[in-house]
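With chain X held as given, fit chain A onto it using these hints.
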Amino acid sequence: DAKTTQPPSMDCAEGRAANLPCNHSTISGNEYVYWYRQIHSQGPQYIIHGLKNNETNEMASLIITEDRKSSTLILPHATLRDTAVYYCIVILTGGGNKLTFGTGTQLKVEL
Amino acid sequence: GAVVSQHPSWVICKSGTSVKIECRSLDFQATTMFWYRQFPKQSLMLMATSNEGSKATYEQGVEKDKFLINHASLTLSTLTVTSAHPEDSSFYICSARDLGTGSNEQFFGPGTRLTVL
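Chains as they are written, first to last, in the numbering used here: chain X, 32 to 142; chain A, 156 to 272.
Here chain X stands alone, though its shape is the one from the complex (with noise of 0.2 Å):
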């Protein structure tokens, strides 16, 4: 699968947009851009995922560059209910590949 790289940490003001940005420069073309966030001594929970395509939910956005070798993923007005490890991951189609996680960005939203 191939290597992201994302900022260790950013902070924004809550109300604000928050965007976090992803490096995946070795993407395949077959790899989707999954995100991920951790809450302080919870599990991780699921954002939102992407292959080519801009993606939106009801939690957040994915935007993805056209030649796919980056993305980013906004949440549009942030809270401090937000602050939380934010984790890029690439991983092959096939619903048959296992997460790996890197180091993430800490979110902190602040007042």
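Hints may contain errors.
With a straight-line cut-off of 30 Å between C-alpha atoms, the simulated DSSO-like cross-links for lysine-lysine are [to be verified]:
id, chain 1, residue 1, chain 2, residue 2
1, X, LYS100, A, LYS196
2, X, LYS34, A, LYS169
3, A, LYS196, X, LYS139
4, A, LYS196, X, LYS34
For the chain X half of the interface with chain A, some residues (derived, Cβ under 10 Å), not all of them [as the list claims (entries may be wrong)]:
id, residue
5, CYS43
6, TYR77
7, HIS80
Rather than coming from a laboratory, the hints here were simulated on the basis of the structure. Every value quoted in this text rests on a predicted model; they were computed, and no experiment measured them. Ideal Cβ positions, reconstructed from N, Cα and C, are used throughout, including at glycine.
Relative to chain X, chain A alone:
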């Protein structure tokens, strides 16, 4: 949505004893469950992949005789830490993949905090 539970949520045991952790998928069937370990301020590290009705597949460096995994049904996998030592103290997290989809989406349990004295 799909829910995965773990029991117990935390456990304290003496060195040399064995501890069993249960992972259950509550509203879906999972042929595959995963066990992770997370040390403080570190990321999740996959320990093993648990397949219903067959032997688990362990990641490199994980002792299969120390971390016994049983996946006897489509909704239950157990991890037994045998002869636990203080260095086994960690946050153990399981996840499950929904049998009914071809997605890589995994649903995670809330984790079990193990402290070995």
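Quick one, are LYS100(X) and LYS196(A) close enough, alpha carbons at most 30 Å? 28 Å, holds
How about CYS43(X): closest beta carbon in chain A under 10 Å, or not? Violated, about 21 Å.
Restraint check for LYS196(A) with LYS34(X), where alpha carbons must lie at most 30 Å apart: 20 Å, holds
Restraint status (C-alpha distance of LYS34(X) to LYS169(A) at most 30 Å): Answer violated: LYS34(X) to LYS169(A) is near 39 Å, above 30 Å.
Please verify whether LYS196(A) and LYS139(X) have alpha carbons no more than 30 Å apart. Cα-Cα ~15 Å, so holds.
Tell me if the interface restraint on TYR77(X) is satisfied: Cβ within less than 10 Å of some Cβ in chain A. With Cβ-Cβ at 5 Å, under 10 Å, it holds.
Interface restraint verdict for HIS80(X) against chain A (beta-carbon cut-off 10 Å): For HIS80(X), the interface hint holds, since the closest Cβ of chain A sits about 7 Å away, which is under 10 Å.
Hint compliance for this structure: hints 2, 5 are not met, and every other hint is.
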